[in-house]
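Colleague: Sequences are here, hints too, so could you generate the full structure?
The letter at position 35 of the sequence shown is residue 35 when you use my numbering, and the numbering goes up by one with no holes.
You can take every hint at face value.
Quick list of in silico lysine to aspartate or glutamate cross-link-like pairs, DMTMM-like style, CA-CA up to 25 angstroms: (1) Lys467 - Glu73; (2) Lys329 - Asp453; (3) Lys329 - Glu206; (4) Lys185 - Glu206; (5) Lys329 - Glu564; (6) Lys185 - Glu4; (7) Lys503 - Glu450.
I should point out that these hints are in silico values taken from the structure, not numbers from a laboratory.
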Amino acid sequence: MPIEQRYADTDACARYLMDVLGPDLRIAAPLGLGKPHELLNAIYRAISADATRSMRLYTALSLTRPQASPGLEQRFLQPFLERHFGADAVDPQYALDQARDALPANVEVHEFYLQSGAMLHSGSAQRSYISQNYTHVARDLVVQDINLLVQLVARREGPDGVHYSLSCNPDLTLDFLRLTQLAGKPRPMCVAVVHPDLPYLGGDAEVAETYFDVELRPPHSPPLFALPRAPVGLAEYALGLHASALVKDGGCLQIGIGALSDALVKALLLRQQNNIQWRRALVALDPAGVTHALAGWLGGLAPFEAGLYGASEMVMDGFMHLQRGGILKRRSWDNLALERAAAAGRLNPDTPGGHYLRGAFFLGSRELYAWLDATEAADPDAIDMCAVSNVNQLYGTHQSLAMLQRRGARFFNTCMMATALGAVVSDTLEDGSVVSGVGGQYNFVAMAHELPDARSVLLLRATRSSKGGIESNIRWNYGQTTIPRHLRDIIITEYGIADLRGKSDSECVEAMLAITDARFLDALCAEAKAHGKLAADFVIPESWRLHRPRHLRKILAPFRQHGELPEFPFGSDFSEVEQRLLPALEWLKHAGASWRGRLGLLLAACRPGEVAPGESEALARMGLADPLTLADRLQRRLLQVGLRRQVPTDRPAPPPADQPVNQPASGS
Numbered sequence: 001m002p003i004e005q006r007y008a009d010t011d012a013c014a015r016y017l018m019d020v021l022g023p024d025l026r027i028a029a030p031l032g033l034g035k036p037h038e039l040l041n042a043i044y045r046a047i048s049a050d051a052t053r054s055m056r057l058y059t060a061l062s063l064t065r066p067q068a069s070p071g072l073e074q075r076f077l078q079p080f081l082e083r084h085f086g087a088d089a090v091d092p093q094y095a096l097d098q099a100r101d102a103l104p105a106n107v108e109v110h111e112f113y114l115q116s117g118a119m120l121h122s123g124s125a126q127r128s129y130i131s132q133n134y135t136h137v138a139r140d141l142v143v144q145d146i147n148l149l150v151q152l153v154a155r156r157e158g159p160d161g162v163h164y165s166l167s168c169n170p171d172l173t174l175d176f177l178r179l180t181q182l183a184g185k186p187r188p189m190c191v192a193v194v195h196p197d198l199p200y201l202g203g204d205a206e207v208a209e210t211y212f213d214v215e216l217r218p219p220h221s222p223p224l225f226a227l228p229r230a231p232v233g234l235a236e237y238a239l240g241l242h243a244s245a246l247v248k249d250g251g252c253l254q255i256g257i258g259a260l261s262d263a264l265v266k267a268l269l270l271r272q273q274n275n276i277q278w279r280r281a282l283v284a285l286d287p288a289g290v291t292h293a294l295a296g297w298l299g300g301l302a303p304f305e306a307g308l309y310g311a312s313e314m315v316m317d318g319f320m321h322l323q324r325g326g327i328l329k330r331r332s333w334d335n336l337a338l339e340r341a342a343a344a345g346r347l348n349p350d351t352p353g354g355h356y357l358r359g360a361f362f363l364g365s366r367e368l369y370a371w372l373d374a375t376e377a378a379d380p381d382a383i384d385m386c387a388v389s390n391v392n393q394l395y396g397t398h399q400s401l402a403m404l405q406r407r408g409a410r411f412f413n414t415c416m417m418a419t420a421l422g423a424v425v426s427d428t429l430e431d432g433s434v435v436s437g438v439g440g441q442y443n444f445v446a447m448a449h450e451l452p453d454a455r456s457v458l459l460l461r462a463t464r465s466s467k468g469g470i471e472s473n474i475r476w477n478y479g480q481t482t483i484p485r486h487l488r489d490i491i492i493t494e495y496g497i498a499d500l501r502g503k504s505d506s507e508c509v510e511a512m513l514a515i516t517d518a519r520f521l522d523a524l525c526a527e528a529k530a531h532g533k534l535a536a537d538f539v540i541p542e543s544w545r546l547h548r549p550r551h552l553r554k555i556l557a558p559f560r561q562h563g564e565l566p567e568f569p570f571g572s573d574f575s576e577v578e579q580r581l582l583p584a585l586e587w588l589k590h591a592g593a594s595w596r597g598r599l600g601l602l603l604a605a606c607r608p609g610e611v612a613p614g615e616s617e618a619l620a621r622m623g624l625a626d627p628l629t630l631a632d633r634l635q636r637r638l639l640q641v642g643l644r645r646q647v648p649t650d651r652p653a654p655p656p657a658d659q660p661v662n663q664p665a666s667g668s
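Modeller: In structure tokens:
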């Protein structure tokens, strides 16, 4: 049937939906970018004000702009947030309210994946979280009697009528509506909220006008949520360099998002474009030759000739950079795409066809969104956005083709902690507090064990900062597990690679000790011996005792100084003055995490030292050039301490586990 209702007014559309569907709304909305915040906010406002109605929302990754703490953080962040996100940016109000435990009694919000660390202190979010594999979400939604599905879409008019693209989020919509039909359940009312800036992607993501019941085309749309580009430290680069040696030419690649993934992408580009310097960096990091030996049979040391095929639940900026760098180029057809290309007359025997990147959702910078739009226009077969069931698993009618597409697959994901026996913690703290979610990480790890010549590679920093000091991210044991030890495969820290597949427990412990920060080696080794998992006469090699941040900086600092490992490898959303402020502010936050540190800062503020280069510009950017109040003068002095301190070339370790910045479990 054609679309029944078309609206330009968001509030009018919300009233229509509530009138038609009755007092109890059970809403499904995409994760991440595809949520129509203004429509959801209109529905949420109306239901919050009417106790006779109720709303139950099923979604994930509700993106909100960072909330700055008062003081120096607010002075730095507020102008940046207004500039980066735009004055018209809209946050999902339910997420802001849930974060402070202020949801009304007639509203429930269930997410299977939380914005990393955003809901750690929300009792409501912690109780309502649903722990699921990404590929099981659509199946489980079917039994929730969803009566409304809302989604941002791109719209296109052509000779054959109006079509919509699910664009950033075909991931669950396609699977959910298909499974609803198979189960004989009533189809929910489907609302297409048109966003003019959303890239129009064809293939599986394109649907006919009849797919939706209601169209909302507001005259003005808030800007798309764009992730700021983060700096990459030397520890992240060490991880990326080790990981880049495991990627096989002609293989398949899955990567996530964040500094660790940016470091891996930059390392792959360095391998391709400046192979000599890339090898020198590897030799400097890997004097024992462990990474080189693994590269010999798992990856490679040469530049890419055949190139890589991307199959990742999340399409992010890294794939754009790899395609521009001539690495992401191995193409593959599937039957449906082949039929569509033939019908459109795009099959040319002299030109390679098919897609080089398959994904289920995308999220990243504005540059990524523009690249997706331009790529679709110039090369419609290049990118295949499809259901998550076609990306995160092998099972079903497409299994044989998926195995061919994903030959030599390397699935890179990030995690928070790992145990000496190879279990991995990626989403939940020991007390059960959920940081993010399982997402697709388990899917990719399990798939790596099923595919011939595939490997799961989990990346983590060896240490983190806490209020009590530095803690190891490699533990003897932990109260929560995302990936069980029987699925252990490859784990990488900045100190090297631990290949755990098929290894005995004692071999596993030794491999994990070899990538542990030296400050925690003796205690971890003693615990393994006490539990009978390591021979009593095992002796820690002296070379492992060099695994310290200072030694790592010494090794990699020359490569940073020569430009191979820049702090912002793909450009920065921060101004030059803001880039100078960042390390000072991070150091101040780290130094003030304990009462001893705060006392030290107050003493240092009495004598802040010599004036730093660019200090006056930095003070002006923070609004502290002419402080008026006592509090302002104190903030100025503290900032001067941070600016005038000799900041190391690398950045401080991440915040403690109760303030995690680790990437989500899927690495997305």
